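Residue strings, one per chain:
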Amino acid sequence: MIWNEPKECMSQDEMRHLQNIRLKSTARRVFHNVPFYRKKMQELGIEPDDIKDIGDIGKLPFTTKQDLRDNYPFGLAAMPRSEFVRVHASSGTTGKPTSIPHSRKDLDMFAECVARALCCAGATRNDVVQVSYGYGLFTGGLGLHDGATRLGATVIPASGGNTRNQLTLLQDFGSTVLACTPSYALYISEALADAGIDASKLPLRIGVFGAEPWSAEMRAKIEDGLQIQAFDIYGLSEVMGPGMSNSCEAKDGLHIAEDHFYPEILDPDTLKPLPDGEMGELVFTHLTKEAMPLLRYRTRDLSSLSRGGCVCGRTNVRMSKVKGRSDDMLIIRGVNVFPSQIESVLLEIPEAKPHYMIVVDREGALDTLEVQVEIDERHFSDEMAQIGALRGRIKHALDSALRVGTKVTLVEHRTIQRSEGKAKRVIDRRKI
Amino acid sequence: MIARQLSVFLENEAGHFLELSRCLGRAGVNISALSLAETAEYGIARMIVSDAAEGEAALREAGYPVKITDVLRVEMPDEPGALSSALAKLAAGGINVSYIYGYSSGGTAYLIMRVGDPRKAASLL
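As you go down the protein sequences, you meet chains A and B in turn. 626 is the number that this note's numbering gives to position 299 of the first sequence; each next residue is one higher, with no gaps. 26 is the number that this note's numbering gives to position 35 of the second sequence; each next residue is one higher, with no gaps.
Calculated from the structure, these hints are not laboratory results.
With a cut-off of at most 20 Å between alpha-carbon atoms, the simulated DMTMM-like pairs for lysine to aspartate or glutamate come out as follows:
| hint | chain 1 | residue 1 | chain 2 | residue 2 |
| --- | --- | --- | --- | --- |
| 1 | A | K751 | A | D628 |
| 2 | A | K734 | B | E29 |
| 3 | B | K58 | A | D703 |
| 4 | A | K734 | B | E2 |
| 5 | B | K58 | A | E704 |
| 6 | A | K722 | B | E2 |
| 7 | B | K58 | A | D521 |
| 8 | A | K392 | A | D654 |
| 9 | B | K58 | A | E678 |
| 10 | A | K734 | B | E32 |
| 11 | A | K734 | B | E4 |
| 12 | B | K58 | A | E739 |
| 13 | B | K58 | A | E517 |
| 14 | B | K58 | A | E710 |
| 15 | A | K722 | B | E32 |
Remember, predicted model here, so these are calculated numbers, not experimental data.
Could you build the full structure based on these sequences and the hints that come with them?
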């Protein structure tokens, strides 16, 4: 089912026309209501009237996470505080937090987008949606909650954590859709196996997972472990939250709600636009947001765009599964390494578990990359030669995939911390 | 005869085997034979215990993944040539031995042998 056929199946010309009107309106509003953008546009020598259509988007200034921090909490708002009906915030792990106000219409748009996303994954009003994202300032919990409510489904507001209870809810309420981070989905599937619960006997049929990059191999592992179809949901709290895009039955990219968020793919170094199909940094411009519209927000997420019809019937532009974040990228002895590459390699080795920790350090002038891996219980051997050979195989696979030498450390079962939210995979001990 | 051996993967860190032995102790499971194989970072504890099922249950309850393997438990006279005569029978039957641990006491040697085909090996001996 398609939630909003007129918008999701619009012709490219009609969509462009709608985007032209909305971009002009956004540029005008931020120029008049947000001193930060007025100053930036004046520095670039542009006025709202210079933005005639979407082709002029390149004239507009960028916005970064640092801009949001510098203007914390409501310096970028385009409305008075009395118009905010909710404020979300992202954690300040690397300094000051960022806060994102929403007007009533903004939350309405949020729920609409999440309802589209859930439909895109095959959910209907007859489903029971267990929302196992954290509820609170993080947009995952409340975002999925409102969207599933809009869809008319039965919502189980489980929130994150308390895994034993998640299993009880899955069984007792017969949840058919699970929404959480992919790392937590994997954890839940392990917990089911440990508890001796046969996943194929549960009514659960769909997973809607997001908030962290995950590989195609990880998807296969989760689908097998939970006996479901797993879909990507994408979003970032600065722009809205989950539901900005979602993968459909084709599982070939995520349809973006481009009537609300205009996507660009830029070269992260030169900030020049890249043609469709090429991997670069995803940048979003709000087309309808009221409380705090952002121009060309740099997500740091690496993806590519593709246009043209899709077997699901939607015409909305598709973004590829996020490959990684440009700021998650590790540079090891001059080689770019993404944690997602390591995950892909480990998932192809049945004896290794997809629980891993990457430790980067520096010995003398040389970077070292250590990958700590748990051995799968079913493949553990009592023979040292077998364990040694397994370690050799993991190292060989990692070395050739990453093109940089790694040190593989086998660790005891369940010593790598399981994540109930966003997984932390990298410890960088280098002092630079 | 054939015995059921429990193996556990352990990091080579102070206190890790202590924790495991406490776990078996609390469950009232006695270790009758033991071998610890080690590398710089990790090792494998292999044990013959008084009750393999109880030992396995106690270890799993504590979160240890346990591998169960059938191994050969061999008794022989504690005298020169006894071991080589047993090994010669196994070699003649094409049985490879991965590892052995054991001790002798009161004129008898007790060995645990990890072989490819324990049943065939037992019949050869």
